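Chains as they are written, first to last, in the numbering used here: chain D, 19 to 131; chain B, 3 to 112.
Hints are not guaranteed to be accurate.
[Stated by the list, open to error] Cβ-to-Cβ under 7 Å is the rule here; a few derived chain D residues that face chain B:
1. Tyr66
2. Gly69
3. Pro73
4. Asp74
5. Leu78
6. Pro115
7. Thr119
8. Phe122
9. Glu124
[To be verified] Derived coverage of chain B by chain D (criterion: at least 3 residues anywhere in the stretch with Cβ under 8 Å from a Cβ of chain D; other residues may be distant):
10. 46-59
11. 99-112
Hints are computed from structural coordinates only; laboratory data are not their basis.
Bear in mind that the values here come from a model prediction, so they are computed numbers and not experimental data.
C-beta: ideal position from N, C-alpha, C; glycine also.
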Amino acid sequence: GAGVSQSPSNKVTEKGKDVELRCDPISGHTALYWYRQRLGQGLEFLIYFQGNSAPDKSGLPSDRFSAERTGESVSTLTIQRTQQEDSAVYLCASSTPPLSTIYFGEGSWLTVV
Amino acid sequence: SQQGEEDPQALSIQEGENATMNCSYKTSINNLQWYRQNSGRGLVHLILIRSNEREKHSGRLRVTLDTSKKSSSLLITASRAADTASYFCATTPQGQNFVFGPGTRLSVLP
Chain D
19 GAGVSQSPSN
29 KVTEKGKDVE
39 LRCDPISGHT
49 ALYWYRQRLG
59 QGLEFLIYFQ
69 GNSAPDKSGL
79 PSDRFSAERT
89 GESVSTLTIQ
99 RTQQEDSAVY
109 LCASSTPPLS
119 TIYFGEGSWL
129 TVV
Chain B
3 SQQGEEDPQA
13 LSIQEGENAT
23 MNCSYKTSIN
33 NLQWYRQNSG
43 RGLVHLILIR
53 SNEREKHSGR
63 LRVTLDTSKK
73 SSSLLITASR
83 AADTASYFCA
93 TTPQGQNFVF
103 GPGTRLSVLP
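All chains should be modelled from the sequences, with the hints used to inform the complete structure.
Following this line, the structure appears as structure tokens:
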């Protein structure tokens, strides 16, 4: 596609429910990144996929967070048993080659009530 | 402190003035990039400067890089109200992934 696409744009969920956030990167981009940004804060790295290499999961804050990517296409970030502290914007970005300019989606606003 | 840390945290200027934001980092880098974010949504890439470059221009933007001091600055000349946004620097320590600083919130008053 023309840009990085994320869905849903906004999600309100009850505490304890699971949520899935989707990212469709720019076609042909081999690298895909997930970041979390709490209100008024900077970007917090979550996970990085590069081609078929093992993902860098070092930023995932707990085992409630997981992400998958099939090949060089769509990625899904899953948050299980959501907590109020998970409320944030979740930003996805892609690039190719890796470590070059990264292009961001508009983010998914998650509110846990 | 974290890799890629901007200062000031917030900056308020009048339209037409220049705005300067600084970024400091800790480890050696491949490149450093500046991004802009409006209203908490997606970030937009502004400019990339490689570790072997010292200065780069793009329109009203001027970026400098001093690898000996591990710092970079972003200068926006002749600012406009539309430049009001948060500005982030991003580095690639260890060549693995991008690390963003907490950002500088710029307000340009008409």
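Against the structure, the hints:
1. Tyr66: 4 Å, holds
2. Gly69: 14 Å, violated
3. Pro73: 10 Å, violated
4. Asp74: 6 Å, holds
5. Leu78: With a minimum Cβ separation of about 13 Å from chain B (threshold 7 Å), the hint on leucine 78 of chain D is violated.
6. Pro115: 11 Å, violated
7. Thr119: 5 Å, holds
8. Phe122: 4 Å, holds
9. Glu124: 5 Å, holds
10. 46-59: holds (count 3)
11. 99-112: This one holds; 7 residues, not fewer than the three required, reach chain D with a Cβ under 8 Å.
The structure fails hints 2, 3, 5 and 6 (numbered hints given earlier, in ascending order).
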